[in-house]
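K.L.:
Sequence:
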Amino acid sequence: MAINFHQIKNFVKHYFVAKRNGHGVHSPFSYQLCEEVFYNRNHFYDFNELKKVRNSLLNDTSELLIEDFGAGSKTFRSNKRKVNEIAQKGISTSKQSEVLYKLINFLKCNTSIELGTSLGLNTLYMANANKTGKIISIEGSKSLNEFASTLAKKNNVQNIEFIHSKFYTALPELLNKLPSLDLLYVDGNHTYEGTLNYFKLVLEKKNNASVFIFDDIYWSPQMTKAWKEIQNHPAVTLSIDAFYFGLIFFREEVKEKVDLKFYI
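The numbering used here puts the first residue of the sequence shown at 129, with every later residue one more than the last.
No wet-lab data here; the hints were simulated from the structure. Please note that the accuracy of each hint is not assured.
[To be verified] Taking lysine-lysine and the BS3-like style, the derived pairs with C-alpha atoms no more than 25 Å apart in a straight line are:
(1) K328 x K259
(2) K282 x K305
(3) K334 x K294
(4) K223 x K210
Only a predicted model underlies this, so the values are computations on that prediction, with no experimental measurement involved.
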């Protein structure tokens with residue numbers, strides 16, 4: 129991901145105010161989340177296999193023709209991109225992916241939707257975190273959708289449903305079939321309007337234990353604006369700003385609105 133002034137400025141602010149442990153976190157759920165997810169140093173067995181998958185992507189020089197439907201890419205000028213370049217510059221780091229894994233493992237999310245599959249590596253982390261749960265991953269680019277689906281089959285991961293479609297086409301129909309949603313992970317539209325639209329669309333499917341994750345909340349001033357508006361929505365009782373992504377929760381047991389910043 130290319131770095132811009134907006135990201136640098138906000139990272140410096142985040143670095144000095146973000147929590148690095150659970151001290152001072154008063155909500156019991158927030159404290160448990162901090163200790164079990166963000167600062168849990170346990171190494172999960174799945175990480176060994178997922179690291180091998182990551183390394184295979186970093187060594188894959190094959191080319192994909194990518195169709196962008198969101199805000200486009202700040203890193204790539206051409207739609208023809210090598211897999212290893214996407215793996216280097218366009219997907220989450222190991223630490224970020226492991227936090228996502230620990231979150232799903234901790235919350236035991238059974239039904240999750242990912243908007244933006246990319247190469248499918250984070251999708252594998254999500255699927256392995258709760259092998260009895262189901263991940264539904266939507267990707268607008270046909271080549272990425274096919275690549276990720278093949279990657280899952282190679283690694284014998286069977287609890288993922290891959291959908292090739294634009295988000296605004298597939299999402300309403302998909303939501304109509306679901307009684308509720310445990311997790312939403314948005315990593316495929318970095319526009320202000322798109323981010324807010326998907327949040328509002330999925331909001332009616334939340335439950336008390338749901339978590340919504342928005343990637344790249346400091347990607348641009350408009351993405352940060354969208355994140356702030358989502359944070360301040362009256363249904364949100366807890367928000368966590370981890371700089372690289374933001375999380376929101378709707379837990380009724382969190383009696384007073386809590387906004388936290390964590391450093392990972």
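K.L.:
Give me the numbers of the hints this structure contradicts, sorted from smallest to largest.
P.N.:
Violated: hints 1, 2.
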